[in-house]
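J.: Residue strings, one per chain:
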Amino acid sequence: MNERELDLQLIQRIQNGEQQAFALLVRKYQTRVANILTRYVRSSGDIPDVSQEVFIKVYKSLPNFRGDSAFYTWLFRITVNTAKNYLTSQSRRPPASDIDAEEADSYDGSGALKDDANPEAILHSQEVKQVILKVIGDLPDELKSAITLRELEGMSYDEIAQIESCPIGTVRSRIFRAREAIDKQLKPLLEH
Amino acid sequence: MKEYSQDISTLIDNELHDDMVIKHILDDTESQKQFSRYQLIGDVMRDESEGLDLRIDITNSVMAVIVNETQDNKIVPVATPEKVESNVVPFMKRFGQYAIAASVAGVVVVSSLMINQNVATDPSVTPVLNTVPFGGAAAPVSLQAKPVQTKSDIKERNEHLEALLKDHQLQLQVQP
Amino acid sequence: MKHRSFLVVLFSVIVFLVSPQLYANQEEATQQIITKQVQPSALTYLKKMQQAYKELNYELLYLNTAQNQIEPKQLIHGVLDGQRIAYFCYLNGGIRESLQFDGKISYYQQGNQAYSLVTNRDHSVFANIANFNFESGNKNYEYLILGKSRIAGKRSIAIRMTSKDMYRYSYIIWLDLGSYLPLRLETINKSNLILEQTMVVSLNVTESINPWIKRMSDQKAPDVLHLPQTTVKDVAPWELTWLPPGFKIIKDDQHKLMLHDTDPISYIMINDGIVSVSVYISTKKSTLTQQQNIIQRGGTLLYTKQQENIEVNVIGEIPLLTAEKIAASIKAAK
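Protein chains in written order, with this note's numbering: chain A, -13 to 178; chain B, 2 to 177; chain C, 1490 to 1823.
Be careful, since some hints might not be right.
[As the list claims (entries may be wrong)] Computed spacing ranges between beta-carbons, pair by pair: (1) R1704(C) x H18(B): 22 to 28 Å; (2) S153(B) x S1818(C): 31 to 37 Å; (3) E4(B) x E1813(C): 17 to 23 Å.
[To be verified] One side only, chain B facing chain C, incomplete, derived with CB under 8 Å: (4) H25; (5) V68; (6) E70; (7) L165.
If you're looking for bench data, these hints aren't it; they were derived computationally from the structure. For every residue, glycine included, the Cβ atom is placed at its ideal position computed from N, Cα and C.
So that you can see chain A by itself, here it is in the shape it has in the complex (with noise of 0.2 Å):
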């Protein structure tokens, strides 16, 4: 495997206590966790909570990770089955309980049926998105060229720099000048 690959790099610190390092597997893959626990999980105010559920129970098993799959598979095993029993503990609840009619459609699938979904959040969700596009669709082709076969087809540098008949520092600096691009707008919307 590739001894560049951050996860198992970060893996590596995390097993030989450096705890620390997990929080860099978190920020990696929060929004993804967060991503899946739509499809489960009703309340949107409940995601930060089995989010979090989620990373506890991934470091707890992180002895055991062999590494013989990928961490993200691994990570995404672990996600789906704590949602799981997020919908248990949900059932959990009296069937004499007004509130839990609502409840038989708790797995909608979709995750587009949310009911204390936040206008805030929706509206901020709204605008990095926005803002992200913007500055992507504004930027030189070769960036946004590049920034895009890294992040939607997931290619590695290598790949690229065949692709764009450059050298591969080429791509390093093009992908890291897109992000520097978009980051200077998206910056001011996450802080407070």
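Use these hints to put chains B and C onto chain A, whose structure you have.
T.: The following block gives chains B and C in isolation, referenced to the frame of chain A:
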């Protein structure tokens, strides 16, 4: 900071093996946030942020639980065989859950720090300490604090009060 | 309104006392006495309430209000082979629920491992008044029927439990005249301001136990958490030289605050049968400069005082005056 930005970008793309860069990020809050934002850019491009509150970052709360648990594990004497009484968990191992004991009881939890932002600019506003009843919205409760105190003093103070309140709630739970 | 009903009661008591002189016809006066006797006393109602609360199968939906915050909650209570089962749940926000049964209370919360605490005390909403010894409690409280009203669609009777001194709060309790279950409880201070209110909005009494909580009681409770034991040697090196009348010390130890790896703090708990008050005494000086700090939410007070080289914290549902007097009475134990 600048010189690390590109390294962070490369690291995210699994194209860098450099212990110093990881070490730097771990030691530097700004770099960690930058790491998060770079990551978020990809998440948004892949439409993985749909319907999420992007203002929420759970990293610190996860790390707080982990650090706590590890410390607890350290205090548990090695000689205690954990499996002997399978239905009994040493209380000290359960710090995190203890907080909930208090909360479930329907308690006042003083939030760790919610100082009114206007304090510095508007002298007529009394510093406000929000009490956050478990799961509810925050309600301002007037705290007789003098403006000369620094935020970190007040934070420490509130944490202490919160610890006392939680202990009080726990004592109520197990009182004879 | 409350004042008026209070006056009405007071007035009828006066009429009753002076009636032999007022009524020329002795028979009429006797008639008056009989009607008075037919109405059960406040104490009788309160005792019926206690019995109903412990023995009936019921479900309550209720609201807790303190400082403009309303929290809807649910309680399902049942008795199975003489054993009480109580299920509690917050109806809004993340799921937080508890089940008390067989000497344990178990807590379940989204995102956290469930656990149990060993306890023989009822922790449900009206437990404090349901377990209070109203008979011996009349040293500190007076019970007075205020009048009838309608709560949660039920005919109910309001009883005021008035503190005889200024060191504790008073309460008004509404009971369902059908089942005698408590329907509403208000904590009021001496200016008759309502500090906290619990109001039932739906009451359902059933003949047999709710099958769902019956099933819950068959399940294995989550692991029990044990508090670190304190020993006699750990008795707090401080003593209270004043206690509000009717209060007794029920705990006296030194322990670390959970979640915080502090030095052990001296701890004393006092209780008057309704209210439990925690007193914490530590030598650590706070970083803050103020001598005194008061936080109040609903009926609960958190009072902090720096005196000489100690910091005292008093927490409980008591008036400020009481907390001040308790704090001022602290002396090093001999």
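J.: Hint by hint, note whether the structure agrees.
T.: Now the hints, each set against the structure:
Distance hint check for R1704(C) and H18(B): the Cβ-Cβ separation is about 55 Å, which falls outside the suggested range of 22 to 28 Å. At about 33 Å, the beta-carbon gap between S153(B) and S1818(C) stays in the expected band of 31 to 37 Å. Our hint of 17 to 23 Å for E4(B) and E1813(C) is violated, since their Cβ atoms are close to 60 Å apart. Here the hint on H25(B) is broken, as its CB sits about 30 Å from the closest CB of chain C, past 8 Å.
Hint status for V68(B): violated, given a least beta-carbon distance of 12 Å to chain C, over 8 Å. Nearest Cβ of chain C to the Cβ of E70(B): about 11 Å, over the 8 Å cut. The hint is violated. The closest approach between the C-beta of L165(B) and any C-beta of chain C is roughly 5 Å, which is under the 8 Å cut-off, so the hint is satisfied.
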